[in-house]
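With the sequences and hints as input, model every part of the structure.
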Amino acid sequence: MKQEFTWHKVDAGQWFTTIGEQRDAGFTYFDFLTGVDRESLDPDKSDSQLQVEVIAHLAKPDLSDSIFVHTCVSEELDSITDLFQAASWHERECAEMYGIAFTGGDSRSLLRHETLSRSPLRKSTVLAARVLIPWPGGAEPQIKEDGRKAGNSSRRRQRPPGVPENWLKS
Amino acid sequence: MKHSFIALIEDKCTSCMLCVRECPAWCITLDSHTVEVTEEGARRPRKVNVLDSFEIDYSLCMYCGVCIDVCPFDALAWDEHRALVTADREDMLLGIVELRPSDSS
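Going line by line, the protein sequences match chains U and L. So that you can map any letter, position 105 of the first sequence is 105 in this note's numbering, and since no number is skipped, the others follow by simple counting. Take the position in the second sequence, starting the count at 1, then add 170; the result is the number in this note's numbering.
Be a bit skeptical, because a hint or two may be false.
Unchecked claim - Calculated from the model, a selection of chain U residues having no Cβ within reach of chain L, i.e. all distances over 12 Å:
#, residue
1, THR18
2, ARG92
3, GLU93
4, ARG112
5, ILE133
6, ALA139
7, GLU165
As the list claims (entries may be wrong) - Quick look at which bits of chain L chain U covers, simulated, 3 or more residues with Cβ under 8 Å:
#, region
8, 198-207
9, 240-251
Unchecked claim - Pairwise CB distance ranges, derived in the manner of DEER restraints:
#, chain 1, residue 1, chain 2, residue 2, range
10, L, LYS217, U, LYS123, 38 to 44 Å
11, U, LYS9, L, ASP244, 46 to 52 Å
12, L, GLU250, U, ILE133, 26 to 32 Å
Everything labelled a hint here was simulated from the structure, so no lab data went into it. Glycine is no exception: its CB is placed at the ideal position from the N, C-alpha and C atoms.
Written as structure tokens, this is what we have:
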């Protein structure tokens, strides 16, 4: 397979027809479909904005050429299971991880229990284990028993690495 | 060497907290206090951290080894201890004594 990838960006409304065209053009092998959360961690952004990029990778059966079709959606996208039945598994995974409804597809949940909270791979989803549990690294080793620091008292307070700032406000 | 256990060599630990802060699973807790040590010939007493407690919660640890990599004093090391099998989660919280390397017991 060649190394340069072909990216084809489409509007969400053109999703089904574009993938159908590409399939008819010879890309008959459906490789995968996945999502990427493009939302920044800006709390002002509402959920209605276009946040999740959905990417489908199609290839020719001999793997001589392949194409990525991608689009940005907020909540809904047409299912492509009528074109590729194998896309059903990927769409169900994408649906429960990113909270996208694939209209016309299989709406059952795939791996997660139905009563679980919102989409775990959305950046706006707060990980409870990183908010409810105090960070063990927050304690300063040089704090004396009377609460006074033994030197370096002006040092910046440590923050847990990898935890977004706005999770730790409260 | 099996990567089946992370052992603490207590004498090498300076309570610097690097492992606690770098652990992605937040499974290490450390407690220490400072004492002043007066060395002969020294002008001023030196402050030394004394380790009070060091615990690894093996119910959270994912054996990534970041704590071992990040320790500047090699106080943490891979060890060939058996994998922990227990019915009680509390038993997976191991302290300084349980974390001793297997060849030093």
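Structure-based check of all given hints:
no., hint, in the structure
1, THR18, "40 Å, holds"
2, ARG92, "27 Å, holds"
3, GLU93, "23 Å, holds"
4, ARG112, "21 Å, holds"
5, ILE133, "7 Å, violated"
6, ALA139, "7 Å, violated"
7, GLU165, "16 Å, holds"
8, 198-207, "holds (count 7)"
9, 240-251, "violated (count 0)"
10, L:LYS217 - U:LYS123: 38 to 44 Å, "43 Å, holds"
11, U:LYS9 - L:ASP244: 46 to 52 Å, "51 Å, holds"
12, L:GLU250 - U:ILE133: 26 to 32 Å, "31 Å, holds"
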